[in-house]
Amino acid sequence: NAGVTQTPKFQVLKTGQSMTLQCAQDMNHEYMSWYRQDPGMGLRLIHYSVGAGITDQGEVPNGYNVSRSTTEDFPLRLLSAAPSQTSVYFCASSYGVSNYGYTFGSGTRLTVV
Amino acid sequence: AQSVTQLGSHVSVSEGALVLLRCNYSSSVPPYLFWYVQYPNQGLQLLLKYTTGATLVKGINGFEAEFKKSETSFHLTKPSAHMSDAAEYFCAHYNQGGKLIFGQGTELSVKP
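So the protein lines, in turn, are chains A and B. Residue numbering for the first sequence follows my numbering, starting at 1 and increasing by one per position. Residue numbering for the second sequence follows my numbering, starting at 1001 and increasing by one per position.
The following block holds chain A by itself, in its conformation from the complex (with noise of 0.2 Å):
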């Protein structure tokens, strides 16, 4: 299994540029979740699936959309990039969240300038 695969691992956009970053696994888990991590700030949820066609807003959707037509695919659009955008991103899947937690992919770093 390759587990949680984020692509690209880096990207530099320009402000109002948009993107989609990319966010697949192979585990048939059906919950994903996708995170920014800020210094200080810890990470803090944008959105997340419970099961393919199923997404919701978490703590920081603005600026952010997602879709989830597959078990596999959780791609992260940014309509419009900002500098605030600037992060480091997570993308996350789990079989149970309550039991099991997150598996965690290895994150995309993205500047927005």
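All clues stand as given, with none of them false.
DSSO-like mimics (lysine-lysine), calculated; alpha carbons at most 30 Å apart, straight line:
hint : chain 1 : residue 1 : chain 2 : residue 2
1    : B       : Lys1049   : A       : Lys9
2    : B       : Lys1099   : B       : Lys1049
3    : B       : Lys1068   : B       : Lys1049
4    : A       : Lys9      : B       : Lys1099
5    : B       : Lys1049   : B       : Lys1111
6    : B       : Lys1111   : B       : Lys1058
Simulated DEER-style distance windows between Cβ atoms:
hint : chain 1 : residue 1 : chain 2 : residue 2 : range
7    : A       : Thr15     : B       : Thr1052   : 44 to 54 Å
8    : A       : Ser67     : B       : Thr1005   : 31 to 41 Å
9    : B       : Ile1060   : A       : Met27     : 14 to 24 Å
In short, the hints are calculated from the structure, not lab data. All C-beta atoms, glycine included, are put in the ideal place defined by N, C-alpha and C.
For this one, chain A is given, so just place chain B on it according to the hints.
Just chain B, lined up with the frame of chain A:
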């Protein structure tokens, strides 16, 4: 609202000393609690978890944590720190849906 508070953004201990990282949660329902570790430039790795049953849970690398409902706490301990324990540690709390909420993190430094 659900929240997690980690007391101390930075903890420094000497090699061989006790490690104590503090975590408190707020919840109106019994929680599921987790500790994760993040080494530099890596993702997060699960250290241990409390779901139900025994309130003292053991994890990897010699770490353990005790769930205390009366104190709404889930502090992480290790009897003797190693240099390799230097990392950032996150406490997390789950109580519904797929939402796992994290604390702010505590960076652990280990001095030789």
